[in-house]
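Enquirer: Below, each chain spelled out in residue letters.
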Amino acid sequence: MISLTDQGFDPGPLLSGFCRGRAETGAVASFTGLARAEGGETKILELEAYPGFTEAQIGAIAETARTRFDLQDLMIVHRIGQIAPGEPIVFVATAAAHRRAASEACDYLMDYLKSRAPFWKKEHGPDGARWIEPRAQDHEDIARWA
Amino acid sequence: MTRVLLFGRLSDIAGWREKILDPSPARLSDLRALLTADDAALGEALAAPGVQVALDQVLVRDDAALSPRSEVAFLPPMSGG
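Protein sequences, first through last, are from chains A and S.
Residues in the first sequence are numbered from 1 upward in steps of one, following my numbering.
Residues in the second sequence are numbered from 1001 upward in steps of one, following my numbering.
Everything labelled a hint here was simulated from the structure, so no lab data went into it.
The structure displayed is predicted, hence computed values, not measured ones.
From the three backbone atoms N, C-alpha and C, an ideal C-beta is built for every residue, glycine too.
Okay, the calculated bits of chain A under chain S, using three or more residues with CB under 8 Å as the criterion:
#, stretch
1, 47-56
2, 117-128
Chain S is nowhere near these chain A residues, computed Cβ spacing over 10 Å in every case:
#, residue
3, Gly-8
4, Ser-16
5, Gly-17
6, Gly-21
7, Val-28
8, Gly-40
9, Arg-66
10, Gln-72
11, Gly-81
12, Pro-85
13, Arg-99
14, Arg-100
15, Ala-136
16, Ala-143
Start from the sequences and build out the full structure, keeping to the hints where you can.
Expert: Okay, structure coming up:
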């Protein structure tokens, strides 16, 4: 399941729900990303998506992960709109027969969401607003999976 | 008509997010020329490295013909999570 939401979410119930009824799964890995305050530099994070296109692109990333890591299931929830520091911004969960595949797939999905999913992030701080673009580290992270 | 969408910093530079061009330009390159003639700063930003184009929600790398109901989106470097 892939969903974009402009409402805050609680990762706990999402993970419990994802784990339910999985007699043959063996391993569930999850990742929750929180918006950072950057020492007071970020008051609000604003995330923009391209409705329809963003979901489709994430769907393509998810399908690649599903095949590559032989996943049984996955879940991606991503915030859009205005997000306060400390709030969850992204939640990823993966289910596989064994732990290595589940955790690697989770890592893979996050690397792709960081710099290949159609989101644009604006940081509103005390000195105004600025757009955040992928860092060199994000490009290196994704290069690991080539 | 062609619907043009700008995302991220591109909409801040242009001062708009969405524009309808009627009649439609024949090709993507004509659309770029039109937008650049209207706003040189935007034209430069659209041509910057890392800016991708989606035509009817599909990424295109080269010039392409526009249909009378095309949607063209200019996408600066993406940053999620």
